Structures are given as structure tokens and as C-alpha cells.
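Participant: What follows is the residue order along each chain.
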Amino acid sequence: NAGVMQNPRHLVRRRGQEARLRCSPMKGHSHVYWYRQLPEEGLKFMVYLQKENIIDESGMPKERFSAEFPKEGPSILRIQQVVRGDSAAYFCASSPPIVETQYFGPGTRLLVL
Amino acid sequence: GENVEQHPSTLSVQEGDSAVIKCTYSDSASNYFPWYKQELGKRPQLIIDIRSNVGEKKDQRIAVTLNKTAKHFSLHITETQPEDSAVYFCAANGDAGGTSYGKLTFGQGTILTVHP
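Top to bottom, those sequences are chains G and U. So the first sequence is residues -19 to 93, counted in this note's numbering. So the second sequence is residues 6 to 121, counted in this note's numbering.
Be a bit skeptical, because a hint or two may be false.
[Unchecked claim] Residues of chain U placed beyond 10 Å of chain G at every Cβ, according to the derived structure:
#1 63
#2 67
#3 89
#4 98
[As the list claims (entries may be wrong)] Computed footprint of chain U on chain G, listed as stretches where at least three residues anywhere in the stretch have a Cβ under 8 Å from a Cβ of chain U:
#5 18 to 27
#6 32 to 38
#7 77 to 86
Calculated from the structure, these hints are not laboratory results. None of the values given here were measured: they were computed from a predicted structure. For glycine and all other residues, C-beta sits at the position ideal for the given N, C-alpha and C.
Turn these sequences into a full structure, and let the hints guide you.
Facilitator: Below, the structure is given as C-alpha cells:
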């Protein structure tokens, strides 16, 4: 059973470009969570999604950030018009229905030049 | 919303000693408390978790205790080994049944160094 997968593992963007981060949950998991980790800091919740639904987006910045988890395909975290402050590791986690345990993917390290 | 405080921020022990990391939480509705280990450049890895209907849980050298009344929980690692060196994070979930149920709020992390 493959674990949570994320791609790309590393992403370099220039200021003003768009970043798209992808997350494929573990098989059988229908809940996806995105967290951001700034250098030498803890993990901060961004958004919680189920298939075709955003359940909790209380941690998402109001502008430039969006997330989706379509019926088919991976979950996508999209950052428009990136700024240097967006540089961070973005981790995706998944869990099965009704179970709280979250398993993390390897993360995408975004660097904005 | 939930607030999780974690102490100490750094912990240095000799191989074979015990290590204890403590966390407090603010939301009395939280009922799930996982602990993650993160090595440099790697993903957070779940090492143990506890639910609010249990006061203590043990898995080999690792144990977690929960005091719901005081709203704090602790990680205990016995017979530490150099490979235990990593950053450890505690977390708490939101209120079950509410929209924040799936959200984990993390502590600030503890850098554990085990000296051979």
C-alpha cells in the first residue's frame, strides 16, 4: 500500500508565478489535509478537504491560495502570484473516513526567487 | 480555536537516559492527541497517539500520558538511542463533529539530541 505521495518534491518559482502542488492520498483515504512548515518552525494547518468538498479552510490565506480535491485525481494546492514569503515546505496528509490518524507525505519544498 | 504549547524547545540527553516532552492544549473538546517525529528534511512520522478516553498508552520505549482535567499530555521515551535524535511535535485535534474536527494544531516542536 503506497503511502501519501506528493509532487513535485522541490519547486522553484520566481515572484509572480503560479505554484501547483499535488497530493495523492493513501489508498482508501478520502480525507486530505494541507499544512505549511516555515524553516525551523512547526506545522500550520491550511485546509481540510474531502472529495469535491472543502471542509475547513480556516488556515488558508484569504488571497492567492486555493485548494481542491476533485472526484478523480490528486488534491491540488494552488498559489497564485507567489511571493518570497511563500517559500516553505508544504505537507499533505491523509486519513480514512471517521478515523483521526493522519499520515504525511514527503512534502513539497517551494522556493520563491 | 485550539492552542498547543510545547516544552522544552530543546532537550539534550545521554544515550540510555529518559526524555520527557510536555504539551498543554486549550480546547476542552479536543479528543485526539498524536505525536510526530521529524528528521531533518523528512516528513513528520506518527510515532504514537492517544484518545481522550484513555489516560496512558505505551509502545515499546515510547509512552504517552494524558491528563484531561489539566489539559496536558506528555511523551516519554525510555532508554534513548542516538537514532531518537529528531524534532518531536505534539498535536491536538479540533472539536469532534465540528468542521474543525480534522484539523490538527501542532506544538512548536522539541529538538531532541541523544549523545552517544
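Participant: So, for every hint listed, does it hold in this structure?
Facilitator: Structure-based check of each hint:
no.	hint	result
1	63	holds, 18 Å
2	67	holds, 16 Å
3	89	holds, 19 Å
4	98	violated, 6 Å
5	18 to 27	holds (count 5)
6	32 to 38	holds (count 3)
7	77 to 86	holds (count 7)
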